[in-house]
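> Residue numbers (my numbering), protein chains in the order written: chain A, 1 to 263; chain B, 264 to 572.
Derived from the structure by calculation, the hints contain no laboratory data. Check each hint, because a few of them may be wrong.
What the hints assert, rightly or not - Derived Cβ-Cβ restraints for the label pairs, each shown as a range: (1) B:Tyr439 <-> A:His77: 39 to 49 Å; (2) A:Ile131 <-> B:Leu489: 38 to 48 Å; (3) A:Arg201 <-> B:Gly296: 18 to 28 Å; (4) B:Arg465 <-> A:Pro129: 15 to 25 Å.
The beta carbon of each residue, even a glycine, is placed where N, CA and C say it ideally should be.
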Amino acid sequence: MAAPVKTVGDVLLKVENISLSFGAVKAITDVSFEIREHEILAIIGPNGAGKSSMLNCINGFYHPQEGAVTYRGLKRHDVDPHEAASRGIARTFQNIALFKGMTTLDNIMTGRNLKMKRGLFWQALWAGPAIAEEIEHRRKVEDIIDFLEIQSVRKVPVGRLPYGLQKRVELGRALAAEPTLLLLDEPMAGMNLEEKQDMCRFILDVNDEFGTTICLIEHDMGVVMDISDRVVVLDYGRKIADGAPDVVRKDQAVIDAYLGVQH
Amino acid sequence: MGFFLEVLIGGLLVGVLYSLVALGFVLIFKASGVFNFAQGAMVLLAALCLVRMIEWLPKWFGLDNPALVIVLAALISGVMMVGVAVIIERLVLRPLVNQEGIILFMATLGVAYFVEGAGQSIFGSNVYTLNLGIPKDPVFLFENLFEGGVLVNEFDIWSAIAAGILVVGLALFFQYTRTGRALRAVADDHQAAQSVGIPLNRIWVIVWTVAGIVALVAGAVWGSKLSVQFSIALLALKALPVLILGGFTSVPGAIIGGLIIGAGEKLSEVFIGPLVGGGIEIWFAYGLALVFLLFRPQGLFGEKIIERV
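Sequences and hints are given; from them, build the entire structure.
Spelled out as structure tokens, the structure:
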């Protein structure tokens, strides 16, 4: 695919006045923001600010008590995870949620689950159309494996891989779905500098080459400032800033949140 | 030597049947983390439906070809087990999604009583003889190797072959198809599976259906041997030591566990029994399970659970 010149397009996803609480604990209070086509949006904030909860609302693991999520023109109060996945939202998790007993290859193949159409009947017979389909999708998966440079661990059960590689396989599984919107929950947590640089390169490449819109949560400010087009800052479940990295960095409310001013 | 082999083979063939029941447990436990107490009841229900359909179909439709009747009865029983899977998913599993394992376990206890009761109200609660038209004659094997050969029941051999085909088929399905991969994915991590668009509800229906079909095969085999009666539901108890031995999460474990227990209880009954007054067969499996619980709680093939602190 030819790399297009980076242009941020229309609104792809719109979060409107979302409030989420667990019993008496308010995780998110009245947060709204937009994600535009082809941009890399970073959500940052101190621990417990509601960042992961936000992603969970977007892909339907949590159902906010108030507010709605509009994705590609469809407004939803209760997003269903299956619907989100089938409309092109893929994600990774903060604490790696891979299928540990399965190989790298099988893990990434699960990402193509929604693209595969042959019914149970052909699968059970393991006959013509089902085999052809497996081969076709296997080819796509091999492309992803090449792209992420994990050829050497193709047949290894992922539970045995080192942490950094597991993160990469998880990204691969998300990419296998050819998502329109990719949600990454702390893709670089716990990595060393070299692994972080690799991961940054992959994220930028995905964004460039496939035009995938990316929304990521990250604590490493250097990374956030380098790769994101726009930053949303959450603190205690509220949005305190939203703008270009350079602007957000100088915002007084953001500095206060990170340095810990009395609330 | 011939006698030892005879006991061993007899035990292994019984073990195959234990494996069949245990397999149903493992399938559901792997995919949904639920210990399905109703598996024994499902075996009873499937067997009851099968035996009564074989009796009723000729009366209702005047069919007189026994092979056709058996095939039709098996199909009807299979369809019924699919229906049972759909109903259980809709009425029991779906409302309890994301609950603790112990709550789901309690729910399957209720399902067990309901299935037992409903099965017996619909199909009757007498003892029924099931005849699948498979010869039950004793045959002699290895006659050229030993004097007198080894005496086995032909029916046992056929049922072992059927069980073998079923197990290999399931293993291939789990390993090489998209749905099989999705089933393994759900077994590993519910949330991650949902995030790649695997619909949990559908997977559960498929798993319970497969467990239902396995129950049907187990019910047909046990029913032919022991005739179809309520005590079949108690087979579930015999599957427990098999699972402890083989590990709750392992399909090969269920098979090998069943074989070890089948062979072990027959051999110990014949060769150790007389020394202690007999009756070992009844508790051998549970004694072995106890030893395993003490020294290797994850079983032979189960995943060792390591908690990091």
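> Tell me the hint numbers this structure goes against, listed in increasing order.
Checked against the structure, the only hint that fails is number 3, while the rest are satisfied.
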